[in-house]
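Peer 1: Here is how the chains run, residue by residue.
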Amino acid sequence: MFFRVMDKDRLPDLVRGLAAEYEVIGPIAKGDEFVFAIVSDPTELRLDYDTTILPPKKHFMPPTESLMSFRVQDSEVVGEELDRTPRVLFGLHPCDINGLMLMDNVFLQGYEDPYYKARRESTLIVGLNCMPHEGCFCKAWGTDEVHWGFDIFLSDLGDRYFVSVRSVEGADLLDRCVETRQITPEDTAEFQRVASEFQASFEGQPDTSQVPLLLDAKYDDPIWEELGSRCLSCGACSMVCPTCYCFDVRDRLEPDGQEGTRERVWDSCLYIDFAEVAHGHNFRASRAARVKNRYYHKQWGYLSKFERVLCVGCGRCASACKADINPRIVIEALQAGGGSL
Amino acid sequence: MNPTAVRRLAAYEQLSANPYRPWPARITSITELTDKETLFELRLIDDDVRDAFKFESGQFVEVSIFGVGEAPISISSAPSKQGFIELCVRNAGDVTGALHSRQCGDIVGLRGPFGRGFPFEEMKGNDVLLVAGGLGIAPLKSLINHIHDTRHEFGKVTILYGSRSPEEVLFARQFDMWRHRDDFDLHLTVDQPDETWDGDVGLVTNLFERVDVDPAKTFGAICGPPVMYKYVVAEMRAKGMEADRIYVSFERRMKCGFGKCGHCGVGHQYACIDGPVFNYWEAMNLQEAM
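One line per chain: the protein sequences are A and B, in this order.
Residue 1 is where the first sequence starts when you use this note's numbering, and the numbers rise one by one after that.
Residue 1 is where the second sequence starts when you use this note's numbering, and the numbers rise one by one after that.
Just so you know, the hints here were simulated from the structure itself, not pulled from any lab data.
Please note: incorrect hints may appear among the correct ones.
To be verified - Cβ-Cβ distance ranges computed for the label pairs, FRET-style:
hint : chain 1 : residue 1 : chain 2 : residue 2 : range
1    : A       : GLY204    : B       : ALA243    : 53 to 59 Å
2    : B       : ASP94     : A       : ILE53     : 32 to 38 Å
3    : A       : GLY79     : B       : ALA216    : 55 to 61 Å
4    : A       : GLU145    : B       : LYS217    : 51 to 57 Å
5    : A       : CYS234    : B       : ALA17     : 35 to 41 Å
6    : B       : THR196    : A       : GLU225    : 45 to 51 Å
By construction, the Cβ of each residue, glycine as well, lies at the ideal position given by its N, Cα and C atoms.
Sequences and hints are given; from them, build the entire structure.
Peer 2: So, in structure tokens, the structure goes:
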């Protein structure tokens, strides 16, 4: 990794330079909130965003995507398209970059998922530093920082960006698109100061040190029944989660019934039929079992395979949940001895 | 490498390049086993894909009916028989219903094989006690057939198979022929007998009182409805069998088949890649397993 400094007024040059070669996706305003969407003009970019409604996972695994088109008669696959559109995801915060790396473990290890892989390989990541907002608890999981997983990373130093350059593609890009200069000791000192200020501004982070232990010990705790009685099984938490990857596969037939498309759609383990098998047995028929599974999978099951929990503390689920269920509340309840919320 | 090997390697790479892609397979035989279950014999059409398809007893495939969807089905034939697979399928859902409406010669899609099967090599030289309930005989049938084809490599082989009623006994004709074989100790039982039934009556666990087990040299293999496992495991444990010599095969909703879609989670594992066959030591340390 090496570092450069870019004056802030050069930002439009960078975005325009990128847009000449890539589809640029970045945070833009939508009502009072923000979304990751195609940026057609650099002035649309809202690098002051706190968080977005949906995480960037939709650009690697869209809510609905075609896996293949088929012919019914002879069960032949007639089309299989991988999306290799050159893209840049611009302005991702550390939590979301960490979220992508957790998704990579699932989709790029063992059997590789060709659809995810094609998009991932065609997408550059431009990270952006942030300041914690009310819902953030990334620091609790150690996902408040990233040291890899991006091509370039912009740290805001007021009138300029401290640019961390991680990949060859990132270095080339910077070279081609925008004027930057060498870092000075003053830049480095300011970069350090901003990083320290960021670290110091987290408040009320949950203590996650015992989470796997607590989950193990309190598998049969009444807290799960209580959470189950509150959960609406709406799945909103899964949809907005940067690390929820479960999906369903559905076939859609053309009107002639001869050809069709096999599609992958986002799914949620909170939906009632998620673990139901053919002749009706449902391995998680109760809402309590489903809520419990979500937390066990994220903070125990995934941990057992990849040595990380499957949560980056972005806080989106806390905003999305109408029943006030989120990791913070669950962790605190488990620590408080469980039993009751 | 010779041209055939190169071609087969390419086919193998093709098979694994997109694990979501089903390959056309022809239905070469249909045998009605009961009024709900049918045995389908399938043959992958492409020669190289068929040659590249290698499986173990206990593994499953995804059967694909384009326009309807996919269903995970365990393979019932033995790996010792190459070139085709047999699937014992209950008409229970959209995909299996559509499969039941297909005829000999029709083409369906196949993906796989997926999952971890029974430890066949490790079992060699030992006694094997197989316990099935209902449709749970389907994956065990592959193991039974495989043992049959290499019978001299195993010690005593005992099969306990429980069904609800005589009409629901799967592979009844073959088991009927095996009743008097002395190299397989076969016990069939039903909950609800009729006047034609001359086998045992009652739960499959009742049969244990007539089974002698040498726990140090016996492997157990269990598959059946979810409620059955803990009772059968308890019987095996009571016979002195160690937890890690008892193998259970779990049914879950394997949608993708290779650890991505999340549907077949059992505790912290996925039935599709970590199982569907687990030993009981693993299963007892797995929430939601039994």
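Peer 1: Decide, hint by hint, whether the structure agrees.
Peer 2: Cross-check of the supplied hints:
Range check, A:GLY204 to B:ALA243: Cβ separation about 44 Å, and the 53 to 59 Å hint is violated. Take B:ASP94 and A:ILE53: their Cβ atoms lie about 34 Å apart, and the range 32 to 38 Å holds. Against the hinted window of 55 to 61 Å, the Cβ-Cβ separation of A:GLY79 and B:ALA216 comes to about 57 Å, which satisfies the hint. Evaluation of the 51 to 57 Å hint for A:GLU145 and B:LYS217 yields a pass: the beta carbon distance comes to about 55 Å.
Restraint check, A:CYS234 to B:ALA17: a C-beta distance of roughly 37 Å satisfies the suggested window 35 to 41 Å. Taken as a hint, the range 45 to 51 Å holds for the pair B:THR196 and A:GLU225, whose Cβ atoms sit roughly 48 Å apart.
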